[in-house]
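A.B. asks: Listed below are the residues making up each chain.
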Amino acid sequence: MKRLFRNPGRFIRFILSFFVGAFFIYLWQLCADLRLVSPVFLPGPDRAWAALVNGLMRGELGHQILGTVERMLYGWVLASLLGVALGAMIGISKVAREYLTPTLDWIRPMPASAIVPVAISLLGLTDAMVLAIISFGALWPMLLATVHGFAAVEPRLHEVSRALGLSRWSVVWKIALPNAMPDILAGMRIGLTVSLILTVVGEMLGSRDGLGFAILLAARSFHSADLFAGVILFGIIGYISGQLMSLAERHLLRWRQRG
Amino acid sequence: MTAIVKNLQPRPPASSNLISFQGVDLELAGRPILEGIDLAIRPGEFLCVVGPSGCGKTSLLRLIAGLFLPTRGQVHYDGKLVTGPSRELAIVFQDYGKALLPWRTVAGNVSLALEAMHVPRSERANRIASLLAKVGLTHHAEKFPNQLSGGMQQRLQIARCLAQEPKVLLMDEPFGALDAITRQTLQDELLRIVADSGATAFFVTHDLEEAIYLGDRVIAMKANPGRVTETFEVDLPRPRDQLSTPELPEFLRLRRALFDFIKDAEA
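Note that the protein sequences, when read in sequence, are chains V and X.
Reminder that position 209 of the first sequence reads as 279 in our numbering, one-by-one numbering, no gaps.
Reminder that position 260 of the second sequence reads as 555 in our numbering, one-by-one numbering, no gaps.
Just so you know, the hints here were simulated from the structure itself, not pulled from any lab data.
Predicted, not measured: the structure shown is a model, and the values here were computed from it.
It is possible that part of the hints are untrue.
Unchecked claim - Covered stretches of chain V, as calculated for chain X (at least 3 residues, CB under 8 Å):
1. 219-227
2. 238-251
To be verified - Cβ-to-Cβ under 8 Å is the rule here; a few derived chain X residues that face chain V:
3. 380
4. 385
5. 388
6. 393
7. 398
8. 402
9. 408
10. 535
11. 536
12. 538
13. 547
For each residue, glycine too, the CB sits at the ideal point set by N, CA and C.
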């Protein structure tokens with residue numbers, strides 16, 4: 071941000087980028103006002119905003135947001151812990167890597183949404199089912215990033231650890247894990263996006279109370295303004311979680327900055 | 296004076312050697328790297344190794360460090376067979392950038408060695424401070440390695456090695472990537488540190504003058520396969536001085552002898 075204001079050219083572009091965004095909202099309003107699409111399907115930003123404020127005032131949207139964000143975070147945290155732990159176990163040993171890679175390569179490309187029916191048959195229409203889908207889908211980026219980060223430790227650092235007589239556990243904790251940190255954080259960012267997507271899918275298919283299920287109901291009952299309010303909220307949730315992730319990255323990877 | 300005294304002292308008997316090679320051959324991936332190495336290093340000695348590139352200087356260092364094991368023959372350290380790395384021998388690598396933990400501060404990097412030695416947390420801060428003072432990094436304790444110059448990074452690596460309280464410092468062209476002025480400063484700091492700690496030093500370099508300036512003895516190697524072919528005793532007074540030492544006739548004689556040797560070795 072500071073750099074933004076030091077450079078006037080960048081500052082002007084920053085301001086203009088807002089106008090571009092505003093212009094698109096204006097186009098949307100124009101389409102709605104001219105009734106290019108029936109208002110049953112496309113509300114203007116004015117009606118979507120009103121529905122949003124109304125929903126928040128009545129408290130039901132807040133409740134749904136909470137349910138969705140909670141589900142997304144639990145799934146993501148679970149996937150992160152599992153991904154990093156499994157990735158570390160695989161990454162630490164060359165033998166484990168060689169044996170497990172084909173299996174992982176086979177499971178990984180499976181679309182998580184295809185797992186939903188399996189999860190439903192095993193766990194029923196429960197929160198546990200939704201959580202399982204989210205963690206399954208969001209697991210891979212973290213797992214692969216950790217495996218890669220562990221495998222890519224500078225050989226010199228292995229020699230340093232041997233010369234210092236570091237225990238195997240210390241090497242994992244003090245060298246391999248911090249070395250994998252940039253990869254892990256990049257994986258966690260992707261995992262966060264995947265978690266949000268699968269939260270929506272899971273709620274819709276599992277009929278769990280949350281924003282995803284709410285927009286499905288709104289669409290089915292032609293409450294287009296409520297539907298759009300929900301979509302806007304998803305955008306906001308995605309944006310905020312991404313920004314928080316950037317903040318965490320900047321703090322945890324501050325050793326990369328020069329100067 | 297010191298030179299004369301040293302000359303009068305009898306050479307310690309073989310059993311008191313700190314490090315010894317007996318008929319060591321080293322092959323890596325089937326290729327002969329070192330052949331027929333017989334070498335003895337006295338405790339407290341500053342031994343420099345020179346030779347053309349590819350002659351196995353670094354491999355020799357790695358054998359002492361226990362990072363390589365001989366294909367034939369034996370390497371002994373302090374009377375015991377070397378079977379792996381020991382904390383009593385610290386290694387200063389040439390590529391300091393790769394040997395430091397980029398995510399740890401200067402203090403944190405020194406701390407790594409103390410953590411490895413299970414030094415209690417309460418004692419670490421004091422020891423880190425005194426180690427950093429020894430290498431002149433006191434005011435940079437909270438910086439990360441990539442915020443330091445090359446010379447400072449190498450100082451940090453030396454500080455981490457000293458934290459091990461090593462009996463032997465193994466150095467693999469530690470100043471090779473530094474500019475001339477920084478190199479001279481670090482040479483003098485190193486001599487002071489080694490003298491203070493009484494450690495034995497094994498110093499690999501391709502800079503012949505550096506070898507003479509630092510060493511009590513210089514061994515010269517030839518390549519294909521790597522072998523030690525000549526030994527030069529360096530009878531120059533200590534403390535050494537960047538200006539006057541290289542002007543001494545003995546320094547110039549050794550310089551000439553080593554240059555002739557290297558020209559011959561590379562021919």
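A.B. asks: Please go over all the hints and tell whether each is borne out by the structure.
C.D. replies: Hints, one by one, checked against the model:
1. With 3 residues having a beta carbon nearer than 8 Å to a beta carbon of chain X, the region 219-227 of chain V meets the requirement of three or more and the stated coverage holds.
2. Chain X is given as covering the region 238-251 of chain V, and this holds because 6 residues of the stretch bring a CB closer than 8 Å to a CB of that chain, at least three being needed.
3. For the restraint placing residue 380 of chain X at the interface with chain V, the shortest Cβ-Cβ distance is roughly 5 Å, inside the 8 Å limit, so the hint holds.
4. Interface hint at residue 385 of chain X: satisfied, since its Cβ lies 7 Å from the closest Cβ of chain V, which is below the 8 Å cut-off.
5. Restraint check, residue 388 of chain X versus chain V: the minimum CB separation of about 6 Å is within 8 Å; hint holds.
6. Hint on residue 393 of chain X holds. Least Cβ distance to chain V is approximately 4 Å, under the 8 Å limit.
7. The beta carbon of residue 398 of chain X comes within 5 Å of a beta carbon in chain V, closer than 8 Å, and the hint placing it at the interface holds.
8. Checking residue 402 of chain X against chain V: minimum C-beta separation of about 13 Å lies over 8 Å; hint violated.
9. A distance limit of 8 Å between C-beta atoms decides the matter here; for residue 408 of chain X the minimum to chain V is near 6 Å, and the interface restraint holds.
10. With a cut of 8 Å, the hint placing residue 535 of chain X at the interface with chain V is violated, because the nearest CB-to-CB distance is about 28 Å.
11. Using the Cβ-Cβ criterion of 8 Å, the hint placing residue 536 of chain X at the interface with chain V is not satisfied: the shortest such distance is roughly 32 Å.
12. At about 35 Å, the closest approach between the beta carbon of residue 538 of chain X and any beta carbon in chain V exceeds 8 Å, and the interface hint on this residue is violated.
13. The beta carbon of residue 547 of chain X comes no nearer than 37 Å to any beta carbon in chain V, farther than 8 Å, and the hint placing it at the interface is violated.
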